[in-house]
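**Q** Each chain, written out:
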Amino acid sequence: DAKTTQPNSMESNEEEPVHLPCNHSTISGTDYIHWYRQLPSQGPEYVIHGLTSNVNNRMASLAIAEDRKSSTLILHRATLRDAAVYYCILRDDYGGSQGNLIFGKGTKLSVKP
Amino acid sequence: EAQVTQNPRYLITVTGKKLTVTCSQNMNHEYMSWYRQDPGLGLRQIYYSMNVEVTDKGDVPEGYKVSRKEKRNFPLILESPSPNQTSLYFCASSLSQRTYNEQFFGPGTRLTVL
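Chains U and G are the protein sequences, given in the same order.
Under our numbering, the first residue of the first sequence is numbered 131, with each subsequent residue one higher.
Under our numbering, the first residue of the second sequence is numbered 28, with each subsequent residue one higher.
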């Protein structure tokens, strides 16, 4: 699985949008972009994933650059509950995969009231 | 409620005393795995299981055993724990190992080996 680069930390104000960037310049054509987050004292939690097109779900939006070398996770209105470490993970999809998620250091998001 | 449960949540033990951390999921998932999380090293996969009676080593399997006799359960066994196995452990499950299946994580087990 290819490597990703994320800022160590970011701050946001409550009820404002948050854009969390991720660089993955060595991404291959079959790598999916996944985002997970880990709230304090909890296990990781799936947020969203995509391949080429932008994706939306109830939690967030994922914007993928046209060349796929970067992506941005968008939280439309940050709440205090969104304070967590956010991980951008690339996963190749092939039948022989051991299915593991390779977590980097992630971005620690702080949300101010 | 769909969930992955782990027991115990906290455990302090001594070197060499065998222990088992249980993991159970109620989503009929085929794929289950164990991770450990250590400061500065992130989460690393210990073992995984594609289905009942099918298990395989992850990236850091030394000192651990697993079994998958039933679909819902995937216990992690430390036959002779050592202090370097002090860590935060997470069990995860998903429909399959394929990338489009999201993984669900348990709440974690904090293990201290003295």
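No lab work stands behind these hints, which were simulated from the structure alone.
Careful: at least some of the hints might be erroneous.
Stated by the list, open to error - With a cut-off of at most 25 Å between alpha-carbon atoms, the simulated DSS-like pairs for lysine-lysine come out as follows:
| hint | chain 1 | residue 1 | chain 2 | residue 2 |
| --- | --- | --- | --- | --- |
| 1 | G | Lys84 | G | Lys98 |
| 2 | U | Lys235 | G | Lys84 |
| 3 | G | Lys84 | U | Lys133 |
| 4 | G | Lys84 | G | Lys45 |
| 5 | G | Lys98 | G | Lys45 |
| 6 | U | Lys133 | U | Lys235 |
Quick caveat: nothing in here was measured; it's all calculated off a predicted structure.
**Q** Against the structure shown, which of the earlier numbered hints fail to hold, in ascending order?
**A** Result: no hint breaks.
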